[in-house]
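Heads up: the sequence lines are chains A and B, in that order.
Residue numbers for the first sequence follow this note's numbering, so the first one is 1 and each next one is one higher.
Residue numbers for the second sequence follow this note's numbering, so the first one is 1 and each next one is one higher.
It is possible that some hints are incorrect.
[Said to hold, decoys possible] Here are the simulated lysine-lysine pairs, BS3-like style, with alpha carbons at most 30 Å apart:
hint: 1; chain 1: B; residue 1: Lys297; chain 2: A; residue 2: Lys130
hint: 2; chain 1: A; residue 1: Lys136; chain 2: B; residue 2: Lys294
hint: 3; chain 1: A; residue 1: Lys131; chain 2: B; residue 2: Lys318
[What the hints assert, rightly or not] Counterexamples of contact, computed for chain A against chain B with all Cβ distances above 12 Å:
hint: 4; residue: Ile7
hint: 5; residue: Val9
hint: 6; residue: Ser11
hint: 7; residue: Trp22
hint: 8; residue: Pro88
hint: 9; residue: Ala116
hint: 10; residue: Leu124
hint: 11; residue: Gly133
hint: 12; residue: Met143
No lab work stands behind these hints, which were simulated from the structure alone.
Here a beta-carbon is modelled for each residue, glycine too, at the ideal position from N, C-alpha and C.
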Amino acid sequence: MKLNPAIIVLSFLFALMIGFMWVIYPRYTDIPDVTDLKHRNVDFVALADEWRKTPSYIVTFNALDPSYEVTTSTNSLFDPSDDYFGLPRDNQKTFELVEAYCTACHSLSIVMQQKATPERWEELLDWMEKKQGMQKLPPEDEMLILEYLSTHFSSSQ
Amino acid sequence: MSNINHKANKTISRRTILRSGSSLGLVAAIGAPIPFLSNLKPGLVPVALAQTTPFDEYGKSGLTVLNDRPLNMETPPHLLDDRITPRERFFVRNNGLPPTVDEAALENWTITIDGLVDKPLTFSIDDLKRQFDTVTLQLQMECGGNGRKFYEPGASGNQWTFGAIGCAEWTGVRLKDVLESVGVKPEAIYTAHYGADSHLSGDSSKQPLSRGMPISKALDEHNIIAWAMNGDSIPALNGAPLRLVVPGWPGSCSQKWLTRISLRDKVHDGAKMMGKAYRVPAFPVPSGTSVKDKNMKIIESMPVKSLITFPETGTKIKLGNAFEIRGHAWAGDLNVSTVDISLDFGATWKKATLEPPVNKYAWQHWSAMLTLPDNGYFEIWARATDSKGHMQPPVTPGWNPKGYLNNMQHRIAVFGI
Numbered sequence: 001m002k003l004n005p006a007i008i009v010l011s012f013l014f015a016l017m018i019g020f021m022w023v024i025y026p027r028y029t030d031i032p033d034v035t036d037l038k039h040r041n042v043d044f045v046a047l048a049d050e051w052r053k054t055p056s057y058i059v060t061f062n063a064l065d066p067s068y069e070v071t072t073s074t075n076s077l078f079d080p081s082d083d084y085f086g087l088p089r090d091n092q093k094t095f096e097l098v099e100a101y102c103t104a105c106h107s108l109s110i111v112m113q114q115k116a117t118p119e120r121w122e123e124l125l126d127w128m129e130k131k132q133g134m135q136k137l138p139p140e141d142e143m144l145i146l147e148y149l150s151t152h153f154s155s156s157q
Numbered sequence: 001m002s003n004i005n006h007k008a009n010k011t012i013s014r015r016t017i018l019r020s021g022s023s024l025g026l027v028a029a030i031g032a033p034i035p036f037l038s039n040l041k042p043g044l045v046p047v048a049l050a051q052t053t054p055f056d057e058y059g060k061s062g063l064t065v066l067n068d069r070p071l072n073m074e075t076p077p078h079l080l081d082d083r084i085t086p087r088e089r090f091f092v093r094n095n096g097l098p099p100t101v102d103e104a105a106l107e108n109w110t111i112t113i114d115g116l117v118d119k120p121l122t123f124s125i126d127d128l129k130r131q132f133d134t135v136t137l138q139l140q141m142e143c144g145g146n147g148r149k150f151y152e153p154g155a156s157g158n159q160w161t162f163g164a165i166g167c168a169e170w171t172g173v174r175l176k177d178v179l180e181s182v183g184v185k186p187e188a189i190y191t192a193h194y195g196a197d198s199h200l201s202g203d204s205s206k207q208p209l210s211r212g213m214p215i216s217k218a219l220d221e222h223n224i225i226a227w228a229m230n231g232d233s234i235p236a237l238n239g240a241p242l243r244l245v246v247p248g249w250p251g252s253c254s255q256k257w258l259t260r261i262s263l264r265d266k267v268h269d270g271a272k273m274m275g276k277a278y279r280v281p282a283f284p285v286p287s288g289t290s291v292k293d294k295n296m297k298i299i300e301s302m303p304v305k306s307l308i309t310f311p312e313t314g315t316k317i318k319l320g321n322a323f324e325i326r327g328h329a330w331a332g333d334l335n336v337s338t339v340d341i342s343l344d345f346g347a348t349w350k351k352a353t354l355e356p357p358v359n360k361y362a363w364q365h366w367s368a369m370l371t372l373p374d375n376g377y378f379e380i381w382a383r384a385t386d387s388k389g390h391m392q393p394p395v396t397p398g399w400n401p402k403g404y405l406n407n408m409q410h411r412i413a414v415f416g417i
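Whole structure, please, built from the sequences with the hints as guidance.
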């Protein structure tokens, strides 16, 4: 009996495909036995131990997540030991302006915990100039500062 | 010139800024010169700046510092477990720089009542003690922005989570008695409160905060001019030696370091009365809306709210053991009628035991016994309902530009082990 070479090749490819699927797809036996209480308990203890260490910035923003209570530092970037209090460095060196203007009245800690919209930042600067005794910013500084604040301390970042 | 001289020389040049080293930055951040700063080793940070260090020197412990200038600190929920909030656990909200109250200032402290009154008068603390009934009441006080952090898009200001609330036992005289003693004129409709703290800019003509309330609220007999907290002096950061306590309304109505109350025939226009401060949109708006000032209305009563203060979030609990959960609930000008608890993400609710308030405006204590049904991660949700049927929402309520009045349900995590 003479075999058609095409059938041989196709069969070979088919076997190869099945082999691949066997390797890359999970099999039923890969699912751990959840009825094994001993195995389970170890996982649950680890889960509980690890939970507190979850840093806030990798937690998907969820207003109701109870881990918000343990990730207490609201402004994780704020670093008092840094010359510029941990302000993100930018090429235009706007962080220097921000440090200088803002700390004349208040800590950068209040700046660095914000996640305001760009429009709100503009309103805030305006309010500080008009009502809170901040010096009038030169337009070019104001533009840089607004862009910087909206980039780094914004809800859209 | 250094950073600290900005008040004297308002022009900041970039070059000058570059010259000011890290130590001057530190001085600027603290707002006061630090003695022996040169002795400070590199890498060491003054306690006043260390975010995680308890601010023991202020008589506070365990609080989370949100801002170090002006100083703002909140209390983690599990540290609010006491029925009466201890002095060291009471949150701190400052708009400006607190006054230095030394012995002499304490001796000479006075409060003036003027404006639309029959006879303006100035009282010393002793005058108040002699001339009026002394009352002691447990009164809840919450920052209007408590919960601000959870609004999206973000609302500007200190990102309070849950702990800008406390219920202490305050001793003083009724504001009503003091106002009536000087004769409230019929045209007086609003109060204006003044304190001795100073503006961050150093401009002495500016007030960091001066708010008021309608005369009807001012004449409520639960408002007190207080000189004592929990039978002891008021902590410096909480307004010693004299402060207003106006329960149920945003804490900013309760002027600290109180020096003067003036009665007016129109709504007060002091610092943080106007614009968007302590105001919410007069009608609901979609999240992130830029709302015009004229469409903002003044916040009055705070909404119904509750906290789970025990156990601490993240606690591991052995299966099969019944455990107590407990906390407090409050509702602005109203009472709390029920507190419900859920262990299954809000699918089913169980009624907690709720105590009546010790006096009107005291927060109410609730508790319940629970048993975890299985291993793993559980959340306990608490939900209070006030005497008019308003219930805490499971998500943030109406978004507003400054992030006030967030009374969403409090949730904690527990692990069944």
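Mind listing which of the numbered hints don't hold for this structure, in increasing order? Checked against the structure, the hints that fail are numbers 3, 9, 10, 11, while the rest are satisfied.
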